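So the chains spell out like this:
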Amino acid sequence: MATVTRGFFGRRRERDPRLPPGQYDARDEWPVLHAEATPRLATDRWTFTVSGLVDRETTWTWDEIHALPRSRYEGDIHCVTTWSKLGMTFDGVSVDTLLDAAGVQPAATHVVAACHTGYTTNLPLADVTGTKAWVVWDADGKPLTTEHGGPARLLVPHLYFWKSAKWVSELRLLDHDEPGFWERNGYHDRGDPWKEQRYQGD
Amino acid sequence: MSTPAGTTHRRTLRWQNARVLSVRDETPTARTYRLLLPEPRRHLAGQHYVLRLTAPDGYSASRSYSVASAPDDTGEIELTVERLVGGEVSEFLHDVVAAGDELEVRGPIGLFFVWPGDRPALLVGGGSGVVPLMAMLRQARLEGRADLLRVLVSARSPDDLYYADELPGDGVRIVWTRSAPPDDPRGAGRMTVDDLALLVRAEQDVYVCGSPAFADAATDRLREAGVPDGVIRVERFGPSG
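As they're listed, the protein sequences go chains Z and Y.
Be aware that the first sequence starts at 1, since it is given in the working numbering, and climbs by one per residue.
Be aware that the second sequence starts at 1001, since it is given in the working numbering, and climbs by one per residue.
The hints are simulated quantities; they were obtained by calculation from the structure and are not laboratory data.
Among these hints, one or two may not hold up.
[To be verified] Straight-line Cα separation of at most 20 Å, SDA-like style, residue types lysine to any residue; simulated pairs:
no. : chain 1 : residue 1 : chain 2 : residue 2
1   : Z       : Lys195    : Y       : Trp1015
2   : Z       : Lys132    : Z       : Leu68
3   : Z       : Lys142    : Z       : Trp30
4   : Z       : Lys195    : Y       : Leu1021
5   : Z       : Lys142    : Z       : Asp55
6   : Z       : Lys195    : Y       : Ala1217
7   : Z       : Lys195    : Y       : Ser1060
8   : Z       : Lys195    : Y       : Arg1041
9   : Z       : Lys195    : Z       : Ile65
10  : Z       : Lys142    : Z       : Ile65
11  : Z       : Lys142    : Z       : Arg72
12  : Z       : Lys132    : Z       : Trp194
13  : Z       : Lys195    : Y       : Arg1014
14  : Z       : Lys195    : Y       : Ala1099
15  : Z       : Lys195    : Z       : His148
16  : Z       : Lys195    : Y       : Leu1037
17  : Z       : Lys132    : Z       : Thr146
18  : Z       : Lys132    : Z       : Asp44
19  : Z       : Lys142    : Z       : Trp194
20  : Z       : Lys142    : Z       : Asp44
21  : Z       : Lys195    : Y       : Ser1064
In this text the structure is predicted, and so the values were computed from the model without any measurement.
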């Protein structure tokens, strides 16, 4: 149980019910946090691949992925470092669309998202299917900037935002869980913000 | 990517009530809090703690702060906190917390932005981004391995430099961005590729820490100096109060 801090009463009393425990509303700020140098990726050489336990490994170019049916996420995002942003809009393509095109094999249980920078993050397959995950290139109606993962990033908004890998290049389907970059570096394997699954053991 | 051997971090990180042993000013807007941990766990230079404030009605606010002190067996750590205008946590720490208070903390956290203590490294810090780098420099000096590190610190002016008495030394270069001391031949100005080129060596890891704008500028200059992206580790300090 938390210990009361002498003299602390807190300032932000009106707590928005959309905020998971321990999170605060970053409002107009959109903090930038990643562990590698920000890459400069040209869309004319950008590709995205679905590989691993699929019937057809499939790669899309920038133009090809834009020709797929569009899908929008409207809602909130939550970073493990305690900021949240409420009421955002992201446009791109649903991960369901990408997986359907490649044909997921029955043995697949997990995915690893890999990035143009070498960053990886792992997710149960169930966390990226059923209209829960997207590959997005617009945020609030504008092209995603490089520091926020542009030209395109993964978006898995029901989990802490490190799962929403910036500069995503590949989803690899596996029949087992394989910890990614932060997950090997002390962070929780799944990262549900409503359960405060921040670090290993939470 | 590799992680330091021997630190698996598989145990649950519990909240613990640290006692504030002392508070001291680093700059007009930065203070260092020395904490006694009831359940100490030796940290790695570069790691951080989460600090949580809790109100009587259960409302809480938490933020992450890098450890500034070198890894040691004292059971004590130092956190340096920049006071951010409107920052709910940092303003409380600066305005209210005094020696003798208890603060809830949890850590150490992070296995990527850490220096293992035995590899050559270039540390590049801007503003409050010098904090985790100071832990690395302190460790290197304590262990007689200062030769492993080269350090570039960017500060607005002499008033804004953290650890001003302790930081200068062999292999440490300070770059003033707004105003420089009169005896500094470089004068004031943004960090350039020339500032960094003097410090770049082959076979060295690079640790960059500061604001997102500083981190991106630093990594761009490092690229211009021929440093490959793969050896650069970045910690971006967000404006999170």
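Results of checking the hints against the structure:
1. For the given pair, lysine 195 of chain Z sits about 16 Å from tryptophan 1015 of chain Y by alpha-carbon distance, which is consistent with the 20 Å threshold.
2. Distance restraint check for lysine 132 of chain Z and leucine 68 of chain Z: the Cα-Cα separation of roughly 17 Å lies within the 20 Å cut-off, and the hinted pair is therefore satisfied.
3. Only pairs whose Cα atoms come within 20 Å are accepted, and lysine 142 of chain Z paired with tryptophan 30 of chain Z is accepted, the gap being roughly 14 Å.
4. Taken as a hint, the lysine 195 of chain Z and leucine 1021 of chain Y pair is broken in the structure, with Cα atoms around 33 Å apart against an allowance of 20 Å.
5. The straight-line distance between the Cα atoms of lysine 142 of chain Z and aspartate 55 of chain Z is roughly 35 Å, outside the 20 Å bound, and the hint therefore fails.
6. For the hint pairing lysine 195 of chain Z with alanine 1217 of chain Y, the CA-to-CA distance comes to about 36 Å; that exceeds 20 Å, so the pair is violated.
7. Of the supplied pair hints, the one linking lysine 195 of chain Z and serine 1060 of chain Y holds, its CA atoms being roughly 15 Å apart against a limit of 20 Å.
8. For the suggested pair lysine 195 of chain Z and arginine 1041 of chain Y, the alpha carbons sit about 25 Å apart, so the restraint of at most 20 Å is broken.
9. For the hint linking lysine 195 of chain Z to isoleucine 65 of chain Z, the alpha-carbon distance of about 34 Å lies beyond 20 Å, and the restraint is violated.
10. Of the pairs offered as hints, the one joining lysine 142 of chain Z and isoleucine 65 of chain Z holds, with about 17 Å between alpha carbons and a cut-off of 20 Å not exceeded.
11. A threshold of 20 Å between alpha carbons decides the hint, and for lysine 142 of chain Z with arginine 72 of chain Z the separation of about 13 Å falls inside it, so the pair holds.
12. Distance hint between lysine 132 of chain Z and tryptophan 194 of chain Z is fulfilled; the C-alpha atoms sit about 15 Å from each other, no more than 20 Å.
13. Between lysine 195 of chain Z and arginine 1014 of chain Y the CA atoms are separated by roughly 16 Å; this keeps the pair inside 20 Å, and the hint holds.
14. A distance of roughly 34 Å separates the Cα atoms of lysine 195 of chain Z and alanine 1099 of chain Y; the hinted pair therefore is violated under the 20 Å criterion.
15. Restraint check for lysine 195 of chain Z and histidine 148 of chain Z: not satisfied, since their Cα atoms lie roughly 25 Å apart, outside the 20 Å limit.
16. The suggested pairing of lysine 195 of chain Z with leucine 1037 of chain Y is violated, with an alpha-carbon distance near 26 Å, which exceeds 20 Å.
17. Between lysine 132 of chain Z and threonine 146 of chain Z the CA atoms are separated by roughly 23 Å; this puts the pair beyond 20 Å, and the hint is violated.
18. In summary, the hint linking lysine 132 of chain Z to aspartate 44 of chain Z is not supported, as the alpha carbons are separated by about 28 Å, beyond the 20 Å threshold.
19. Between lysine 142 of chain Z and tryptophan 194 of chain Z the alpha-carbon distance is near 29 Å, which puts this suggested pair outside the 20 Å criterion.
20. With a C-alpha separation of about 19 Å, the suggested pairing of lysine 142 of chain Z with aspartate 44 of chain Z holds against the 20 Å cut-off.
21. The straight-line distance between the Cα atoms of lysine 195 of chain Z and serine 1064 of chain Y is roughly 19 Å, inside the 20 Å bound, and the hint therefore holds.
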